[in-house]
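Trainee: Starting from the structure of chain A, add chain B where the hints point.
Here is how the chains run, residue by residue.
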Amino acid sequence: MKQQLATDRATLAIKDSRSARRSVKGDNLPWRRRVGLPYLFLAPFLLIFLIFFILPLGYSLWISLFADKLIGGTVFVGIANYIQVVQDGEFWQGVLHVVLFLVIQVPIMIILALFFALVLDSGSTYLKGLFRIGFFIPYAIPSVIAALLWGYLYSNHFGPLVQIASFFNLPAPNFLSPTGILPSLINISTWQWTGYNMIVLYAALHAIPQELYEAAHLDGANWWHTAIAIKIPIIAPAIVLTVIFSIIGSLQLFNEPQILYTIVPNVIQDHYTPNLYAYTLAFTNQQYNYSAAVSFALGAIVFVFSYVFMLFTNKDGEN
Amino acid sequence: MPHHLFSKYSKAAMTLALACLLTGFLAACGGSSTSSSNGPVTITVWSWVPNFQQAVDLFEKSHPNIKVKLDNVGQGGTEYPKLRTALKAGSGAPDVVQLEYSELPTFAMTGKLVDLSQYGADAYKNDYISWAWAQSTQGDKIYAIPQDSGPMGMLYREDIFKKYNLAVPTTWDQFQQEAIALHKADPKVYMTNFAPNDAAAFTSYLWQAKARPYTSNGTNVSVNLSNEATQKVANYWDDLINSGAVQTIPDFANDWNTELSNGTLATWITAAWAPTDLAGIASSSSGKWRVAPLPQWNAGDNVSANWGGSTDAVTTQSQHPKEAAEFAMWINHDKTAANMLSNQLFLYPTLKSVLNDPSFGTSVPFYGGQNVNKIFAQSSAHVDTSFQWTPFQDYINNQLTVQLGNAVNGKASMAQALQQAQNDATSYAKAQGFTVSNK
Chain A
1 MKQQLATDRA TLAIKDSRSA RRSVKGDNLP WRRRVGLPYL FLAPFLLIFL
51 IFFILPLGYS LWISLFADKL IGGTVFVGIA NYIQVVQDGE FWQGVLHVVL
101 FLVIQVPIMI ILALFFALVL DSGSTYLKGL FRIGFFIPYA IPSVIAALLW
151 GYLYSNHFGP LVQIASFFNL PAPNFLSPTG ILPSLINIST WQWTGYNMIV
201 LYAALHAIPQ ELYEAAHLDG ANWWHTAIAI KIPIIAPAIV LTVIFSIIGS
251 LQLFNEPQIL YTIVPNVIQD HYTPNLYAYT LAFTNQQYNY SAAVSFALGA
301 IVFVFSYVFM LFTNKDGEN
Chain B
1 MPHHLFSKYS KAAMTLALAC LLTGFLAACG GSSTSSSNGP VTITVWSWVP
51 NFQQAVDLFE KSHPNIKVKL DNVGQGGTEY PKLRTALKAG SGAPDVVQLE
101 YSELPTFAMT GKLVDLSQYG ADAYKNDYIS WAWAQSTQGD KIYAIPQDSG
151 PMGMLYREDI FKKYNLAVPT TWDQFQQEAI ALHKADPKVY MTNFAPNDAA
201 AFTSYLWQAK ARPYTSNGTN VSVNLSNEAT QKVANYWDDL INSGAVQTIP
251 DFANDWNTEL SNGTLATWIT AAWAPTDLAG IASSSSGKWR VAPLPQWNAG
301 DNVSANWGGS TDAVTTQSQH PKEAAEFAMW INHDKTAANM LSNQLFLYPT
351 LKSVLNDPSF GTSVPFYGGQ NVNKIFAQSS AHVDTSFQWT PFQDYINNQL
401 TVQLGNAVNG KASMAQALQQ AQNDATSYAK AQGFTVSNK
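If you read the protein sequences in the order shown, they are chains A and B.
The opening residue of the first sequence carries number 1 in the UniProt record's numbering; numbering runs sequentially from there.
The opening residue of the second sequence carries number 1 in the UniProt record's numbering; numbering runs sequentially from there.
Next up, chain A with everything else stripped away, as it sits in the complex (with noise of 0.2 Å):
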């Protein structure tokens, strides 16, 4: 679903630039021009797509309408599948967590960007270069070593939290208990993302130009001024996009809890977010075909998750 989205804004930006080209002279081209020569060029691109994701996508939507019992073989069972998943109390459950964590994590992420965003933005910052990096480098870590490092952080033996706590004989926070793993698991989260986004949103502050700030200097505005009346609503557009990419993000959580799993596996459980499921199904329980039909049901999920925002966000805009 989230590659729907992507293609979605892939085509609606071709679009505008090329009604914007033609205005200006693209109208008395042939069609082979106009329309054929970005295809050949996008050929490359359009075969590795339609091999790799349409297909294997077009596979397991067909594989999800099939039962492959381990006695009596692979049978057709239509809709079945999908039936069982909105009765499975363990799906809903895996829905639950991820929707609560996007409830939590993503303000607190995106917040944090802007803020950092707009800090580094203002010039008034020294040593910005250095900032700028120490923010993104969680990004360039591995999410699988990231949780491998916070699963050692959060430990109850030798963590070192745990031990700062013991020495001045405070009663230790436990991190992966269960009540402790969600915000565990958004920590861990928001310390890996918070400079990927900052950097998106440093980008688009970047391409405001600076007789915007001249005038708004002259008309007395102060940072803060600058900031909630100049930058922010700019750029806004890189803010929905940022919270769009944190919502499929969210949804579709999986390397942390799966990490952590290891560690935990009676606090997080095979079901705890439905793309852990999906993978449990698949290779443990060698349920290939209802693992399909959980999958798309999720992408269902973030579907329409992603959708209510856009609606949200354009009437916003609109108006």
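Hints should not be assumed to be uniformly reliable.
[As the list claims (entries may be wrong)] Footprint (simulated), chain B over chain A, 3 or more residues, beta carbon under 8 Å:
| # | segment |
| --- | --- |
| 1 | 67-78 |
| 2 | 94-108 |
| 3 | 152-159 |
| 4 | 282-290 |
[As the list claims (entries may be wrong)] Under the rule of at most 30 Å between Cα atoms (straight-line distance), these lysine-lysine pairs were calculated in the DSSO-like manner:
| # | chain 1 | residue 1 | chain 2 | residue 2 |
| --- | --- | --- | --- | --- |
| 5 | B | 411 | B | 67 |
| 6 | A | 69 | B | 232 |
| 7 | B | 430 | A | 69 |
| 8 | A | 69 | B | 82 |
| 9 | B | 232 | B | 210 |
Simulated from the structure, these hints should not be mistaken for lab results.
Ideal Cβ placement from N, Cα and C applies to all residues, glycine included.
Mentor: For chain B alone, kept in the frame of chain A given last:
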């Protein structure tokens, strides 16, 4: 920047898919190029036994016409999904694969294991301890050659027992009383750890209590996690956990390693492969550990169980099943190879000849000079032979892990949690086309 969409949370998944694809191609190329030649053939072996290459070298030396490519794709639960994917895909599976006993019915059921009786494996029948052979075969069909086993025993900290003036428990009742007394005397010390993530460990407790939760006969299976013996085990551990006298952390994890070495845990209810593991995990506590037989449910009994151990099987994808079968049989039966497996690679033997050899087992300094293997050899002789598995043991073990977790986290009593696991397994088995009777 649409490309970031792909990279965001799925970088690892993409890499994995790519790696699978590449190895798939390589394996396919390797297979086709060797199939027609008369020269040395190459077979691929998957094994997670540390230093297994030493044994492979022995084999290659005595079989100049067979070359062996050894891969370690992960231990147990990490290997099976890869094997399953390769078998499902039709290429990429090894010729010989290491499988635990509990997995044999699963892979045999799908028809992906070669019956080794056609290569003369039936001649070995009486050379292996009987439960291991029974679990490697179904009727006349021999699906694997036993490699190692895990007859159970109890590793304990002699210093802690001495310090608190406790006798080494011989019954589970005594174990429970001492556990409570010990934790009372020092709240930082626990008698043992109940690992809620370890379905195999829990199953071995059931095995010793003579609960027989699973039977499987063709398309008929039974899953019964609510019978009397299972409930006895469940209630026993529930009581101990609720009293706070035992620890409940995942085993084979960092925290667990720490607790074994720093004296938090006084015993480890475990199997014959554990002494070597423990010496590595808890090297700082060398000399403090000893081994005793498992506590008994009835005083005076001598009942043991098995936890772990594995076999070598030949997959139907093999282009050279004869050579692959020769590997599986030779490496686990030849005298030199078997001695190397048990003495240098520290696998606990399944071959009677090795177990009965007077030279088997020596005194180990980590255990204060005790001859650890002798204790486990006695245990091996008392493992009940009738235990069976289901053809979907991965699924059940996964459900057990979920449910034992719920029990330990206080969401349900252990008996209720096991009943839930039974219900889930029953509906799974029915959906998979089995006839299920929970007798």
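Trainee: Name the hints, by number, that the structure is in violation of.
Mentor: 2, 5 and 6
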